[in-house]
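Asker: Chain by chain, the residues run as shown.
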Amino acid sequence: MPAIPSHVPEPSRTDPALIRNFCIIAHIDHGKSTLADRMLQLTGVVEQRQMRAQYLDRMDIERERGITIKSQAVRLPWAPTHDKNSTHILNMIDTPGHVDFTYEVSRSLAACEGTILLVDAAQGIEAQTLANLYLAMENDLTIIPVLNKIDLPAAQPEKFAEELANLVGCDPDDVLKVSAKTGLGVEALLDKVVAEIPAPVGVKDAPARAMIFDSVYDSYRGVVTYVRVIDGQLNKRERIRMMSTGATHELLEIGTNSPEMLPADGLGVGEVGYLITGVKDVRQSKVGDTVTSQHKGAQEALGGYKDPKPMVFSGLYPLDGSDYPELREALDKLQLNDAALVYEPETSAALGFGFRVGFLGLLHLDVIRERLEREFGLDLIATAPNVVYRVVMEDGSEHTVTNPSEFPEGKIDEVYEPVVRATILAPSEFIGSIMELCQTRRGVLLGMDYLSEDRVEIRYTLPLAEIVFDFFDQLKSKTRGYASLDYEPTGEQTSSLVKVDILLHGDKVDAFSAITHKDQAYAYGVRLVAKLKELIPRQAFEVPVQAAIGSRVIARETIRAIRKDVLAKCYGGDISRKRKLLEKQKEGKKRMKMVGSVEVPQEAFIAVLSSDDSAGSGKGKK
Amino acid sequence: MPSALPDGEPVPADGALPASALAGAAGRPLGFYLHVPYCATRCGYCDFNTYTATELRGSGGVLASRDNYAETLADEVRLARKALGDDPREVRTVFVGGGTPTLLAADDLVRMLGAIREEFGLAPDAEVTTEANPESVDPAYLAALRAGGFNRISFGMQSARRHVLKVLDRTHTPGRPEACVAEARAAGFEHVNLDLIYGTPGESDDDWRASLDAAIGAGPDHVSAYALIVEEGTQLARRIRRGEVPMTDDDVHADRYLIAEETLSAAGFDWYEVSNWATSDAGRCLHNELYWRGADWWGAGPGAHSHVGGVRWWNVKHPGAYAAALAEGRSPGAGREVLSDEDRRVERILLELRLREGVPLSLLKEDGLAASRRALADGLLQERPYEEGRAVLTLRGRLLADAVVRDLVD
Chain A
1 MPAIPSHVPE PSRTDPALIR NFCIIAHIDH GKSTLADRML QLTGVVEQRQ MRAQYLDRMD
61 IERERGITIK SQAVRLPWAP THDKNSTHIL NMIDTPGHVD FTYEVSRSLA ACEGTILLVD
121 AAQGIEAQTL ANLYLAMEND LTIIPVLNKI DLPAAQPEKF AEELANLVGC DPDDVLKVSA
181 KTGLGVEALL DKVVAEIPAP VGVKDAPARA MIFDSVYDSY RGVVTYVRVI DGQLNKRERI
241 RMMSTGATHE LLEIGTNSPE MLPADGLGVG EVGYLITGVK DVRQSKVGDT VTSQHKGAQE
301 ALGGYKDPKP MVFSGLYPLD GSDYPELREA LDKLQLNDAA LVYEPETSAA LGFGFRVGFL
361 GLLHLDVIRE RLEREFGLDL IATAPNVVYR VVMEDGSEHT VTNPSEFPEG KIDEVYEPVV
421 RATILAPSEF IGSIMELCQT RRGVLLGMDY LSEDRVEIRY TLPLAEIVFD FFDQLKSKTR
481 GYASLDYEPT GEQTSSLVKV DILLHGDKVD AFSAITHKDQ AYAYGVRLVA KLKELIPRQA
541 FEVPVQAAIG SRVIARETIR AIRKDVLAKC YGGDISRKRK LLEKQKEGKK RMKMVGSVEV
601 PQEAFIAVLS SDDSAGSGKG KK
Chain B
1 MPSALPDGEP VPADGALPAS ALAGAAGRPL GFYLHVPYCA TRCGYCDFNT YTATELRGSG
61 GVLASRDNYA ETLADEVRLA RKALGDDPRE VRTVFVGGGT PTLLAADDLV RMLGAIREEF
121 GLAPDAEVTT EANPESVDPA YLAALRAGGF NRISFGMQSA RRHVLKVLDR THTPGRPEAC
181 VAEARAAGFE HVNLDLIYGT PGESDDDWRA SLDAAIGAGP DHVSAYALIV EEGTQLARRI
241 RRGEVPMTDD DVHADRYLIA EETLSAAGFD WYEVSNWATS DAGRCLHNEL YWRGADWWGA
301 GPGAHSHVGG VRWWNVKHPG AYAAALAEGR SPGAGREVLS DEDRRVERIL LELRLREGVP
361 LSLLKEDGLA ASRRALADGL LQERPYEEGR AVLTLRGRLL ADAVVRDLVD
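If you read the protein sequences in the order shown, they are chains A and B. 1 is the number of the first residue of the first sequence in full-length UniProt numbering; add one for each residue after it. 1 is the number of the first residue of the second sequence in full-length UniProt numbering; add one for each residue after it.
Rather than coming from a laboratory, the hints here were simulated on the basis of the structure. All C-beta atoms, glycine included, are put in the ideal place defined by N, C-alpha and C.
Calculated pairs, EDC-like style, for lysine to aspartate or glutamate (alpha carbon to alpha carbon, straight line, at most 20 Å):
#: 1; chain 1: A; residue 1: LYS586; chain 2: B; residue 2: ASP341
#: 2; chain 1: A; residue 1: LYS590; chain 2: B; residue 2: ASP402
#: 3; chain 1: A; residue 1: LYS589; chain 2: B; residue 2: ASP343
Listing some non-contacts, in silico: residues in chain B with all C-beta distances to chain A over 10 Å:
#: 4; residue: PRO29
#: 5; residue: GLY44
#: 6; residue: ASN68
#: 7; residue: ARG81
#: 8; residue: ASP87
#: 9; residue: ALA187
#: 10; residue: ASP213
#: 11; residue: GLY233
#: 12; residue: ILE259
#: 13; residue: LEU364
#: 14; residue: ARG373
Construct all of the structure, not just a fragment, from the sequences and the given hints.
Answerer: Structure below.
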């Protein structure tokens, strides 16, 4: 095992020339966490026996899904192989790996001077990795292309080295080939980080300016804020100021991670570490914000700060109405650690009390929903996700619609919907089906490039509403799982959008209202009405099920009245069974939701709202 | 009697009842149900507790056979005597069901009845019924039953159509049940019932009308008409699942029921329970009314259910296990439940609402009362009796009885 390097520079007293700040850009499953683990081992910060797989991913869900949601930074001492006496400090900044967290990724990148572009040698680069690579290039980071898993039988290092070389603009021979699993090539990679990534440059005597690139709530310590010092120095026990809000806090602790938190005297130019101020909510310590000293602090913040903006909304309702307070508490808790999570109470005539929750995107929604169900033991009904619409009325007034049922009535001048620039990478044999899918989703082709002879990058402008529901599932199924998708919001467009309402026995079911393109409204109406006819049991009276745009009915089915509901025989031996059946039926009745006078089983809501149900049709639903 | 037994607490070995069950017993009629768990063949739709083997062995090698069955059952009647202690009641009704009771010799049925007469005494006007298979009786058999004290007989006719009988696996020929009615009358039976089934896959409205006409023409004073229930685990359920025969739609059942009501009432029959019609009050089946009015009855035989004063229990199902328990002097009871006051209230509603006399509104709580007003407004309850304080189903209400019960028990 590696010897611990000698003369390790201490935090706050480290010469910036010896510092290398880098991150790893990689797709899910391409081995980023394994590589990070190997680096922790090789640099001796984690002893072999303490090592557990994927040390840096803390949350269970992350570990299970093999994804990293929250980034962290680790200070690694490394003496290059050719010069064992000059111990450098490598700060490895872990980046979130998914499309929804582009802003967080961009802040992580902004804390680095270089990045390792890690790609699976059996699979090649994926869309999200490519998007992050472009982001890194925009940030002028030095890029070290690396192929991982070269020990796999299916690895095609030559092919993918060529691909990476084309993207990065280097020679295929410069692409490092490693196996994070066996450790092969990892030392050479660390040497290369020292050799190629520039040392940070900052003004030592200037007022302190540190950029927050992550902020994590810890139930014991409060909020732990991860920063990269750009100029000056932050010292323990001084008072600091958050430049976006002007709020000041006492610095209770400052330090570095190796990988556990280790208090230090301070952090100097180019250094990366953590701050603890005692705040309890990550929104008081926002990613992208600048931290400075309260006394003689900086006047100008670092650039690039943005408030997180939710793009996708969904109504979350407890299956059992009495769980509403638990749901509120759970959301409060999650929000402590998630500045992008927004929610407000809402009431649905059909689903009762719940919350309209805003998310950065689909994965964010999935992760939050899953954590609510798993960590807090809640059973939830989630309405189909929708985007935010801006509706301008003829009288000039404007509405922001985050819930389709609140789409304004009356004379509408224009409706604006958010659009995204989507990048899809896939084997070239699937070009036809991908284009067909994007076309049905109102996409506009922006361009297409071959990454290698049989892999293409296709770019489309798509309404966000068209991809929030089941686009990714459809894309995966049409490409046998080979396609990868990335998207970034690019603004909004006006569209011919209408609200389709679903009426049961004349009563609107708010949870089923949807905003669709007018060409897709009919199909949506017909499909939903047919589905509901199937799912809602016959009632004592005839129930018309209608889809309507305003007062115009576009689809109709009728649930016939039930005519027979009686057991023919009820003799001595049937009585106990019959009473127990009655008790069971009463239980079932309790789980019915009343829509006007119609009893709708909860299963019907779940079936209509869940995305699994829509496979195969996949048109115009929100 | 459906095949699956409920869950419950164990029955004491001596079959003793809690004191609460016997309180006030003198004011309630007492009946006996005697189960005969044998059939020549099993019908495809049947999930009753019945066996086609003539001999079944229980634990410890106890043999339960058709030949000694009457004796085994008489043992349970004697155990009932002990369990009911000094209960002074004579027995008002006896009903022998199955299975196929008439697979046993007429003497056996008479001997079973004799055990009751001996241990409890029969009321002078006692109703004594047996079910009978049209193929397994003849005038001599019927005469023997009548002489032995039986005064009511119920024939499983099911349908007058050969193709319908075939789907049901019934082996008798069309016409035979009607002939049985005449033979029973000749033998001196006062009350005769025909059982009919409607909604069998492949049956048409006209087939059903023909069956009703044939039944009425034979001159019984009682007709039972049941919608075919496809029970899980039966041969018929499997055939439907495999698509060999079609499942009958609930709406078709509703239509057939309306045909039955129309045809039977035109012929002078009045409904007195959802599935039962009689030509007069005297023609009603008193024994079945015990079930519907929460009276007491002891069910003897494998899988038989009993009820005494708010305690329901049921016997082990297998004839071998049943015989073995009695051979050791133990109760064959497999489980029981002691009903709470609320259970008994709910049972009264769900049972009595099926009757022509309906449920007293005084049994309902506030929500149930509100629901009854809605049911009245929806035309499911009759107006006149409602004004007099009773919830009585209309014709449409009879078809939706279970739905009405679900609301009324609130």
